[in-house]
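Starting from the given sequences, assemble the full structure and let the hints guide the process.
Protein chains: 2
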Amino acid sequence: MSTTRGRVTLPSEENFLEETKELMDRWGADAIRDSNGTKLPDEIKALDAKIYTTYFVARNHNEHAEKHMDELQQLLLMSKHNLATSSTLKIDFMDGYYKEQFIPDYNHDPKEWWEVINRTTETVIPAEDWEVDQESNLVIIKNAKEFHEYTVSFFVYAIWDGTHMYNHITNNWGDDVPHDLPFDARMPNSNIYMNEYLEQWLKDNPQTDVIRFTTFFYHFTLIFNNLGKEKFVDWFGYGASVSVPALEAFEEEMGYKLRPEDIVDKGYYNTAFRIPTKEFLDYMEFTQRFVTAEAKRLVDKVHDAGKEAMMFLGDNWIGTEPYGDHFEKIGIDAVVGSVGGGATLRMISEIPHVKYTEGRFLPYFFPDEFYEGNDPTIEAVDNWLKARRAIMRKPVDRIGYGGYLSLAYKFPKFVDYIEKVTDEFRLIYDNINGVKPYTGLKVAILNSWGKLRSWQTHMVAHALWYKQIYSYLGVLEALSGASVDVSFISFEDVKQDGVPEDVDVIINAGDADTAFSGGHEWLDPQLVSTIRKWIYNGGGFVGIGEPSAVEHGGHFFQLADALGVDKELGFSLSTDKYFVDEVDKHFIKEEVVEDYDFGEGMKNIYATKESTEIIRYSNGEVNLSSNDYGKGRAVYIAGLPYSQQNTRLLMRSLFYAAHKEEEFTKWHASNINCEVHAYLESGKYAILNNSTKEQTTLVYDGNGKSREVTLEPGQIIWEEID
Amino acid sequence: MSTTRGRVTLPSEENFLEETKELMDRWGADAIRDSNGTKLPDEIKALDAKIYTTYFVARNHNEHAEKHMDELQQLLLMSKHNLATSSTLKIDFMDGYYKEQFIPDYNHDPKEWWEVINRTTETVIPAEDWEVDQESNLVIIKNAKEFHEYTVSFFVYAIWDGTHMYNHITNNWGDDVPHDLPFDARMPNSNIYMNEYLEQWLKDNPQTDVIRFTTFFYHFTLIFNNLGKEKFVDWFGYGASVSVPALEAFEEEMGYKLRPEDIVDKGYYNTAFRIPTKEFLDYMEFTQRFVTAEAKRLVDKVHDAGKEAMMFLGDNWIGTEPYGDHFEKIGIDAVVGSVGGGATLRMISEIPHVKYTEGRFLPYFFPDEFYEGNDPTIEAVDNWLKARRAIMRKPVDRIGYGGYLSLAYKFPKFVDYIEKVTDEFRLIYDNINGVKPYTGLKVAILNSWGKLRSWQTHMVAHALWYKQIYSYLGVLEALSGASVDVSFISFEDVKQDGVPEDVDVIINAGDADTAFSGGHEWLDPQLVSTIRKWIYNGGGFVGIGEPSAVEHGGHFFQLADALGVDKELGFSLSTDKYFVDEVDKHFIKEEVVEDYDFGEGMKNIYATKESTEIIRYSNGEVNLSSNDYGKGRAVYIAGLPYSQQNTRLLMRSLFYAAHKEEEFTKWHASNINCEVHAYLESGKYAILNNSTKEQTTLVYDGNGKSREVTLEPGQIIWEEID
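Read top to bottom, the protein sequences are chains A and B. Counting from 1, position 358 in the first sequence corresponds to residue 358 in the working numbering; the numbering is continuous, with no gaps. In the working numbering, each residue's number is its place in the second sequence (first place is 1) plus 722.
To be clear, the hints were calculated from the coordinates, so they are not data collected in a lab. Backbone N, C-alpha and C define an ideal beta-carbon position, used for all residues, glycine too. Keep in mind that the hints are not guaranteed to be accurate.
Pairs of lysine-lysine, DSSO-like flavour, derived with a Cα cap of 27 Å [to be verified]:
no., chain 1, residue 1, chain 2, residue 2
1, A, Lys577, B, Lys953
2, B, Lys1325, A, Lys467
3, B, Lys1164, B, Lys864
4, B, Lys864, A, Lys533
5, B, Lys864, B, Lys802
6, B, Lys812, A, Lys533
7, A, Lys631, A, Lys585
8, A, Lys495, B, Lys1331
9, B, Lys1353, A, Lys609
10, B, Lys1331, A, Lys467
11, A, Lys577, B, Lys802
12, A, Lys467, B, Lys1189
13, B, Lys1331, A, Lys90
14, B, Lys867, A, Lys631
15, A, Lys145, B, Lys1325
16, B, Lys802, A, Lys609
17, A, Lys495, B, Lys864
18, B, Lys1217, A, Lys142
Some chain B residues near chain A, calculated using beta-carbon distances under 8 Å [claimed, not checked]:
no., residue
19, His803
20, Asn865
21, Glu868
22, Glu952
23, Lys953
24, Asp956
25, Asp984
26, Lys988
27, Thr993
28, Ala1185
29, Leu1186
30, Trp1187
31, Tyr1188
32, Thr1236
33, Arg1254
34, Leu1291
Rendered as structure tokens:
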């Protein structure tokens, strides 16, 4: 039995009353939720706990949707590229799509709303040169140019919600469970329905304390292929918010008309890696205005019923943009999201304008992890240790779990561990909530998205690993639990307002031409000269991967002069590269105890000048370097997958870039597996062992005095500041 | 003593008469040459051998040059990038250059001929906004924009020939040896001088049979830094042909004026890796016209004197372009060049419009290789085995050596080996010269340069290794000794005339945006549709590295559809990549006996469709694949450094792409270290062991019948065709 209680949410289910009570006691839970696939029986709802009920606004209401099939959610899709081998080209535009997910929209005139594009010339084919065969779902182009490629951008209706489809297929729900039809909140009948239904529902569900919206109206883009497997997933994607009425409303509101191409974007669909166009930013703005206004209407009803409204950060979250300018308007009470590690925890815990945040921790109580012979504790430990670092900086207000509680119950070791975690969480929360942790310096992450996508850089599908992103995701993960303040600024911010005054170090991390590195944004003289001046006058800059990269004016890195390195594209092979020697000693490498790991690394980086301090050089390439530029410094790192050592390496890079080396060991642990977090206002500090082994470390206080401490695996020790 | 004689050129020197005679006998030499730093005494010139005498046209005549310092060769250089930290910026434009090599040209008005550029905006600064301080060699810019970068493009005179400088510094010739002043054949006094001097020289040197021009007028670009070390080297560079009079003549002849920027090209100086601009191609054309016309005048004089004219393919070869349209006009008798391996041998042996070609083999008889304790035979064996493959396809007519013969004489094992080589060469030559070798298929290498730079792709400094090129140079090296015909075609050729009818396979190999891959050339719909159509109708395509790469229309590889692979730039991470399984068996990998070696390889290549045959997949990337496209095929290879296995892998890729798998084992050796070359017209075939170990192989005849043969290290066996 837990000695403390609260801040913990449990899932429960039918026929599980006694065990639910037992686990509530042991984990100190004060709230109970249903999950996708479970329902809470009345006996559970009657327990002494807040009751969360999952609520779907725009799906799970087939009784409505079936009556208004013309109000189903639309998407604007692009066909495959099709090669014309003669002057007539027939395009099976649905080829590759899942016919159980989408049907073409013939309600709106294709000639008006679709676009046929010659992708070889990137020109639009006049409507008179193509026809639609609605019976066989073909677009037939005449006067096609031989061996040019053509695509069709076309509207569809979604006839199966993406998440419902995923759960349905994954869990083999079979033919008996009808497919959830997603409908569009923008459509007249649906808009009335969703409001009226909620009003009635609130009356019908007095035992519910918290309406857990999953979520509002527009699902992130999730498209399945002809085999029913995922074809396209963009957790940030606005694809499933686009409809003919939306484009009409856009034109009326924004004063100009979007082209289908503004949405399909050559098939890249404006993913977060694309440098956003003005048109797409306008569309996001337009959608946010609509979503937040309509969500507010629902949330107001919840409040009127005396209940709380919580949104799930996922599924139909598109257009809410919790870090955007419109989110506050919704008036939501809480946000809950899935915690994959430190960065995703901060993504939740930093959300402004809510009363509280809640993290859903891993593993989910599902059979893929909870099966005989497996130890789900291993994932739980890893998840907790990563998230705990971030909690030390900015806690979520609650933690919780999802899935089948009955499954978890069968794993006593797991139940024991979560008992420890929930107590530990409550102690941390009590010690630090509302108290600003000690911060060594202020870091701003600079990219095309800025604040809008705080803690959300380089993500494709929520918290999933991709070869192309892990070397950058490590930056956020390292920062999430580090003693630095982190903000997110956009190139536009810098052009408008310069670099915020309190920033010590700017980080620009990403592959060339992505929104995270910036690509053509760096062609703007205002941007590049502002950043140069800022560094030159004493600012710190840390570039990772291909920072400021766009071939222009004789550089690839537009900050090559500041960084002291550039990337060889082949054009300057004729120029001799003499600077290849590593410096013997360097502040940045003082705590390197394992092999360097730059992840995917970066090819063909070379030092452009003798003053460049090459800290790591291997295989004919600079991997890590620093350069003094006026009174400032710029550090280059080839890549930074998350690890304890790389966290330390990044921290040292930041402190070095900021010329704050002497402050690095304030509230510091010498062992890279340990970290110290100090809370000066409350007179406490914590020593963390982030590893699953016993660790001994020197612990430095705020005056740089040290003492040796040994910590158990994963231990956190609280101390009073003298 | 050699049993055969001829086709071999020896260097000789003073006080070495008897040994020269001995080595002439042993190596069967019939020609003797001087070298840089050696002179032939009369007693040697009297031997029964052709006498080559090195002749410098545009340097080594300080008696003339010192009188006409305003006729020294000019260059147009670019300063470093200079950061403006206030509105006044002083640029020390000579910073980083070697003051013993260049002096600024103040004879021509800098305001008219120089260019000051804001590299942040890529705009030219008006002449009224900058001044030159000639005393301190500064350009002073006023109204500079803060934290923009500026460069100065400025004319200099060269006061030391680059090759002379290199030899001078390397060999410590000391202060007593005056620096060779390079002068410009375009200048009036120099033009008269070089013609008159040659006339007199021809009269004064009756014993010389062959004038070995080293070479004509313009040295490849070779620039030294402030420490007297190489700063910039481009073996193809036209930098040292540019002068104010040249630009004036260009305007008159071509009808428009070049800007300095057309030459300095942001500091990349139009290296061969840059996709050539129209302006630079025009400048090359203009220079070729001048060089070939003036060279013809000299060569005519040589012929009038009853002697032969030979040019050295190097040093001042710029503007001759042996594969260009103007070379024939010179009327040169022979070309001699340094042989670094098979590709450089073919670069020499394929030169048209000459009576004979000669390869200078390695090692050069210099102390860097010929020193006590070292065995120069090792390099000689390696050089010979690589070159011999190429000789089997198209022989040079003569081989030779350079340096100090007295040094080589001290290494008896080396002397023995060269005796064997020279005999072997003569036998090969007698067996194959003028006879077309058996050829399995015809390959065209497609890039921006085409025929003009035949056998010269991906080269920076002659035959030197660079990390960025070896994975592509292997393609030429493999082809140089393979049973295929090789031609070189440009994108312009394809646009004008389509793909030549007899081509079986097109190769496009290189990094994105280089002249070898093609970059923006692939945006031309005419080009891309012609190539697509050609493949679709049965052509073969082999893409290596980043073939046809330029981000456009939703592809990075413009031939992605044909290749069945593309490169992930981050924009399509949201699209699931399902095709990752290697095929079990494949024609292309049937002779893979060692680990795959793709050299630098290529990151983030993925299969775009199920039909793609993935032959090698590692580390989340496709390294080797093939795809059927209509009746044709396209093979992708991530990189191809030279090796026996990669030669085989490339050959199989070519035959597979061409749908000629069944012809692959005609005149074939099963052991990858061996090759077979057949000469059907003369009824002979040769079996080569390209390795330094004994090898046993099956040898296939033209009907696919095989027998087993064992070869000594490096052995070549000649057989009659039944």
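Structure-based check of all given hints:
| no. | hint | verdict |
| --- | --- | --- |
| 1 | A:Lys577 x B:Lys953 | 8 Å, holds |
| 2 | B:Lys1325 x A:Lys467 | 10 Å, holds |
| 3 | B:Lys1164 x B:Lys864 | 60 Å, violated |
| 4 | B:Lys864 x A:Lys533 | 18 Å, holds |
| 5 | B:Lys864 x B:Lys802 | 18 Å, holds |
| 6 | B:Lys812 x A:Lys533 | 18 Å, holds |
| 7 | A:Lys631 x A:Lys585 | 21 Å, holds |
| 8 | A:Lys495 x B:Lys1331 | 42 Å, violated |
| 9 | B:Lys1353 x A:Lys609 | 52 Å, violated |
| 10 | B:Lys1331 x A:Lys467 | 20 Å, holds |
| 11 | A:Lys577 x B:Lys802 | 15 Å, holds |
| 12 | A:Lys467 x B:Lys1189 | 24 Å, holds |
| 13 | B:Lys1331 x A:Lys90 | 19 Å, holds |
| 14 | B:Lys867 x A:Lys631 | 19 Å, holds |
| 15 | A:Lys145 x B:Lys1325 | 33 Å, violated |
| 16 | B:Lys802 x A:Lys609 | 11 Å, holds |
| 17 | A:Lys495 x B:Lys864 | 25 Å, holds |
| 18 | B:Lys1217 x A:Lys142 | 25 Å, holds |
| 19 | His803 | 6 Å, holds |
| 20 | Asn865 | 15 Å, violated |
| 21 | Glu868 | 6 Å, holds |
| 22 | Glu952 | 5 Å, holds |
| 23 | Lys953 | 6 Å, holds |
| 24 | Asp956 | 4 Å, holds |
| 25 | Asp984 | 14 Å, violated |
| 26 | Lys988 | 4 Å, holds |
| 27 | Thr993 | 5 Å, holds |
| 28 | Ala1185 | 14 Å, violated |
| 29 | Leu1186 | 10 Å, violated |
| 30 | Trp1187 | 11 Å, violated |
| 31 | Tyr1188 | 6 Å, holds |
| 32 | Thr1236 | 5 Å, holds |
| 33 | Arg1254 | 4 Å, holds |
| 34 | Leu1291 | 7 Å, holds |
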